[in-house]
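There are 2 protein chains.
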Amino acid sequence: MTAAGVIALLEDGRTLTTPVLRAAVARLAPPMDTVASYHFGWIDQTGQPAEGDGGKAVRPALALLSAQAAGAPAEVGIPGAVATELVHNFSLLHDDLMDGDEQRRHRDTVWKVHGPAQAILVGDALFALANEILLEQGTAEAGRATRRLTTATRRLIDGQAEDISFEHRERVSVQECLDMEGKKTGALLACASSIGAVLGGASEADADALEEYGYHLGLAFQAIDDLLGIWGDPASTGKQTWSDLRQRKKSLPVVAALDAGGPASERLGELLAADAKNPETGAFSEEEFALRAALIEEAGGREWTSEEARRQYATAIAALDKMDMPEGIKRKLVGLADFVVVREK
Amino acid sequence: MTAAGVIALLEDGRTLTTPVLRAAVARLAPPMDTVASYHFGWIDQTGQPAEGDGGKAVRPALALLSAQAAGAPAEVGIPGAVATELVHNFSLLHDDLMDGDEQRRHRDTVWKVHGPAQAILVGDALFALANEILLEQGTAEAGRATRRLTTATRRLIDGQAEDISFEHRERVSVQECLDMEGKKTGALLACASSIGAVLGGASEADADALEEYGYHLGLAFQAIDDLLGIWGDPASTGKQTWSDLRQRKKSLPVVAALDAGGPASERLGELLAADAKNPETGAFSEEEFALRAALIEEAGGREWTSEEARRQYATAIAALDKMDMPEGIKRKLVGLADFVVVREK
Chain A
1 MTAAGVIALL EDGRTLTTPV LRAAVARLAP PMDTVASYHF GWIDQTGQPA EGDGGKAVRP
61 ALALLSAQAA GAPAEVGIPG AVATELVHNF SLLHDDLMDG DEQRRHRDTV WKVHGPAQAI
121 LVGDALFALA NEILLEQGTA EAGRATRRLT TATRRLIDGQ AEDISFEHRE RVSVQECLDM
181 EGKKTGALLA CASSIGAVLG GASEADADAL EEYGYHLGLA FQAIDDLLGI WGDPASTGKQ
241 TWSDLRQRKK SLPVVAALDA GGPASERLGE LLAADAKNPE TGAFSEEEFA LRAALIEEAG
301 GREWTSEEAR RQYATAIAAL DKMDMPEGIK RKLVGLADFV VVREK
Chain B
346 MTAAGVIALL EDGRTLTTPV LRAAVARLAP PMDTVASYHF GWIDQTGQPA EGDGGKAVRP
406 ALALLSAQAA GAPAEVGIPG AVATELVHNF SLLHDDLMDG DEQRRHRDTV WKVHGPAQAI
466 LVGDALFALA NEILLEQGTA EAGRATRRLT TATRRLIDGQ AEDISFEHRE RVSVQECLDM
526 EGKKTGALLA CASSIGAVLG GASEADADAL EEYGYHLGLA FQAIDDLLGI WGDPASTGKQ
586 TWSDLRQRKK SLPVVAALDA GGPASERLGE LLAADAKNPE TGAFSEEEFA LRAALIEEAG
646 GREWTSEEAR RQYATAIAAL DKMDMPEGIK RKLVGLADFV VVREK
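Respectively, the protein sequence lines represent chains A and B. Here the first sequence is numbered in the numbering used here, starting from 1 and rising by one per residue. Here the second sequence is numbered in the numbering used here, starting from 346 and rising by one per residue.
Same shape as in the complex, but just chain A (with noise of 0.2 Å):
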């Protein structure tokens, strides 16, 4: 697929899911449906109505494919691609209020705008209307697919939980940030791949090739966004410069790259353990950090992380051989993992 038909794929999956998704919000009660709004650009921190920047809805559109592998209409879908949606947006209000971030999509975050206990709050409503929207369909599938995403939520934030100990930790191995990233990113990104599918009555081991596609998808973006946290345009990602060395993240390239061994590493991992007793490193120059991002370089943590998002991609088009599934269906999952791939934000 081109990258035009991959964009025309997402503005799809957007067309189709943003209407029941506006809808589920305005179930709010007051003044959540305004936060919840502000937060999916909807409207502007005045509350005027806004072309804001949703995020790149890769979910909806696994999840209206997942029902078209399975042989249902894409509609079919459509309670899973909001449900998953719902409950990827509960976990960035409350992991931006958790981590301090400030900033996403280019805009404030909700906890800098409406304070944190609207944060805490409407992520809270976010996660209850996604169950809420998948149960009242009321068929045995809909119960399926609601147990799918509650077993990818839990381990959500068993992920995000992982991921906010390793901060405090010195050392955290290749493996164990593979292992949090599976749950912190790929979870939910293996629940969208197959929720569809769940919803059209697709067998459990369909529902698990999908799944397993999803899952190294989902890695596949995390060693991406893991880049992108270090190396990301701050234009293009909407976050500060070297975001993830601001907030002391053990992200793949700097675990990989304290385990290469080499002057480099070794340089780097003393810099980080210095740092790690110095409550200023929030205060460091740009030279500071350019510094640490050049050693994680020159140690090879670079390199790695973009092969290991190569790997993981193939992983997950391989899964899609273990599931019958139209070809033109199997073409469109694996565009949109060509996407996630090259994406620059």
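Do not take every clue at face value.
[What the hints assert, rightly or not] Derived DEER-like restraints, expressed as beta-carbon distance ranges:
hint	chain 1	residue 1	chain 2	residue 2	range
1	B	585	A	8	52 to 62 Å
2	B	453	A	283	45 to 55 Å
3	B	663	A	248	57 to 67 Å
4	A	294	B	521	58 to 68 Å
5	B	349	A	279	50 to 60 Å
6	A	334	B	360	33 to 43 Å
7	B	396	A	203	42 to 52 Å
[Claimed, not checked] Counterexamples of contact, computed for chain A against chain B with all Cβ distances above 10 Å:
hint	residue
8	112
9	160
10	203
If you are wondering where the hints come from, they were derived from the structure by calculation, not from laboratory data. Glycine is no exception: its CB is placed at the ideal position from the N, C-alpha and C atoms.
Since the structure of chain A is provided, determine the placement of chain B on it from the hints.
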């Protein structure tokens, strides 16, 4: 039923529920399992086993009785008892953080001890766990129960949103306050009072009758809570003196007093309007809070709230007649309601 009978009933509920609740909490990834165990009073701040006050456990007792009301063994209600207890504690963890409450059950709250991020994260995890515990039963009844729990949780969150917004408003009507408390407290008690019956295969009409009992019991419970929030003995409640006045809560006694008219009501209105513009109310002396409490009482807010608790209690008891249930179980449900309206903590 005697008071001792009710204590034994609550204790039986705890005995059946706690091992399953503990096993559920043990599924959480570290350090969330530890943080949750601290919250439930199973360990102290140093991680040592504690004989903590885990709360009154009214909800588990109700869930088990509701299974029996539907003719099922109490054990059928256990997943429902655990799930409602998990949702209740999810809301406590988040509400304590949002409200800035430093004490619960005579101990420092989780956000005070383990920090805001853990309070958010463990709350999220308990919420997800509640759905997991129910849905893994894999039955149609469990699907129905999860749907009712989800609806109750959404209403609970709406109620908390309204409660927060009331603190920023000068006047709130008695009806608005009752609506808010119906969502914040009534909805989950309604769910606890019917979830065991739903798991036991009760008809929708029977489940609705039990919900009606639980909803009005919840409003009676909250009316008593509002009285304790102003006039409760800190040694019993485990909260600060004048706890709700410190937080400027527009609780029932306050709104009823403001609505009553007359000299004390007007004087109270002037004082609270001035307080709302004064950032220093947190530093008020005991005497200043005592003056406000005396005006609320003089204006009739205390008496009205006591009567409202009795009215809601009577409506709750009347709802039990809408369902055909064993006399012994009905007696226990009445006994629990008696306990709720005479408690001192």
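A quick look at each hint next to the structure:
no. : hint                      : verdict
1   : 585/B x 8/A: 52 to 62 Å   : 59 Å, holds
2   : 453/B x 283/A: 45 to 55 Å : 32 Å, violated
3   : 663/B x 248/A: 57 to 67 Å : 60 Å, holds
4   : 294/A x 521/B: 58 to 68 Å : 60 Å, holds
5   : 349/B x 279/A: 50 to 60 Å : 56 Å, holds
6   : 334/A x 360/B: 33 to 43 Å : 55 Å, violated
7   : 396/B x 203/A: 42 to 52 Å : 50 Å, holds
8   : 112                       : 15 Å, holds
9   : 160                       : 6 Å, violated
10  : 203                       : 17 Å, holds
Of the numbered hints listed earlier, those contradicted by the structure are 2, 6 and 9.
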